[in-house]
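Engineer: Sequence:
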Amino acid sequence: MNRKILFFDVDGTLMGYDHVIPESTRVSLKETREKGNLVFVNSGRPVGTLRGVMEMMDGLVDGWICGCGTELIDGDRSILYYKMTKELEQKVRSLQDDCEIAIFLEGRKGWQNLVDDAFRARHPGLRIFLEKMEAFNAIDGKESRDAYFEASKFCAKSDEKTDLEKFKRLADEYGFCVIDRNGKFFECVPKGYSKGIGVKKMLQHLNISPEQSFAFGDSTNDIEMFRACGTSIAMGKHDPGLTAYADYITADLNEDGIRRAMEHFGLI
1 MNRKILFFDV
11 DGTLMGYDHV
21 IPESTRVSLK
31 ETREKGNLVF
41 VNSGRPVGTL
51 RGVMEMMDGL
61 VDGWICGCGT
71 ELIDGDRSIL
81 YYKMTKELEQ
91 KVRSLQDDCE
101 IAIFLEGRKG
111 WQNLVDDAFR
121 ARHPGLRIFL
131 EKMEAFNAID
141 GKESRDAYFE
151 ASKFCAKSDE
161 KTDLEKFKRL
171 ADEYGFCVID
181 RNGKFFECVP
191 KGYSKGIGVK
201 KMLQHLNISP
211 EQSFAFGDST
221 NDIEMFRACG
231 TSIAMGKHDP
241 GLTAYADYIT
251 ADLNEDGIRR
261 AMEHFGLI
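Per this note's numbering, residue 1 is the first one in the sequence shown, and the count goes up by one each step.
You may find that some hints are simply not true.
Stated by the list, open to error - Computed list of lysine to aspartate or glutamate pairs in DMTMM-like fashion (alpha-carbon distance at most 25 Å, straight line):
#1 K201 - D159
#2 K161 - E150
#3 K237 - D18
#4 K200 - D76
#5 K157 - E131
#6 K86 - D62
#7 K91 - D62
#8 K191 - D98
#9 K166 - D117
#10 K86 - D97
#11 K157 - D117
#12 K161 - E211
Hint data in this document are derived by calculation from the structure and do not stem from the laboratory.
Note that the coordinates shown come from a computational prediction; the quantities given were computed from them, not determined experimentally.
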């Protein structure tokens, strides 16, 4: 059987920022799997911050690419998993005070906010952002600042006091690609890992050619996934920077965008 494999981003693609999956999307995922096609979620988030989504998607997907390719899951089996060594993680932790930038570790346990009271006092402009981040915290950095978190990647938030040049130089020396999300927020992924590399490794694992793969996304962090797949589909509401990489632009997710695209390509 000439089965296809579909890779989906989460936020803005499979579900809105209200964390609701449209019913037409649910039905379409079930129908394409019934045809023998495979459905995988490909997210920048690690497993620890995807557990709620995993519960919502139970029975709708065949596997997961998590944390920008740092963990690959086929069914319920993890086939690839990267975590920093304790020594590397400690270097990442040191970036916060060395560069005056807020550091958030990401991994199977969720997020770890490393910001302490002294850092908060030096960076009052980050107060609102830090309060929002605390809602995602798995472990309080004030109590567990030196404990090994087994992080797979990390994010950083800067302000006017941050030494960005030093931060980017050190992050590169430590083996990370620094992805600028909005000029002040940075996603830092270990070199050799990305959403696109995750797709390639999963295709090799499943022995499926790239020509049989479809990518669905809405933001520039989906570019590498689009490049790795045979066909790329951008949601109706998508980052303009993604347009050039899309083979097809569908409707918004709340206007049955996933279903319309699947119908267009004969996936259901």
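Engineer: Against this structure, judge whether each hint is valid.
Structural biologist: Right, here's what the structure says about each hint:
1. K201 - D159: violated (37 Å)
2. K161 - E150: Violated - the C-alpha atoms of E150 and K161 are around 28 Å apart, more than 25 Å.
3. K237 - D18: holds (15 Å)
4. K200 - D76: Measuring from Cα to Cα gives roughly 19 Å; hence the hint holds.
5. K157 - E131: holds (13 Å)
6. K86 - D62: violated (32 Å)
7. K91 - D62: violated (36 Å)
8. K191 - D98: Given pair K191, D98 holds - Cα atoms ~22 Å apart, limit 25 Å.
9. K166 - D117: holds (23 Å)
10. K86 - D97: Distance of about 18 Å is within 25 Å: holds.
11. K157 - D117: holds (16 Å)
12. K161 - E211: Distance ~47 Å between K161 and E211 Cα, so the pair is violated.
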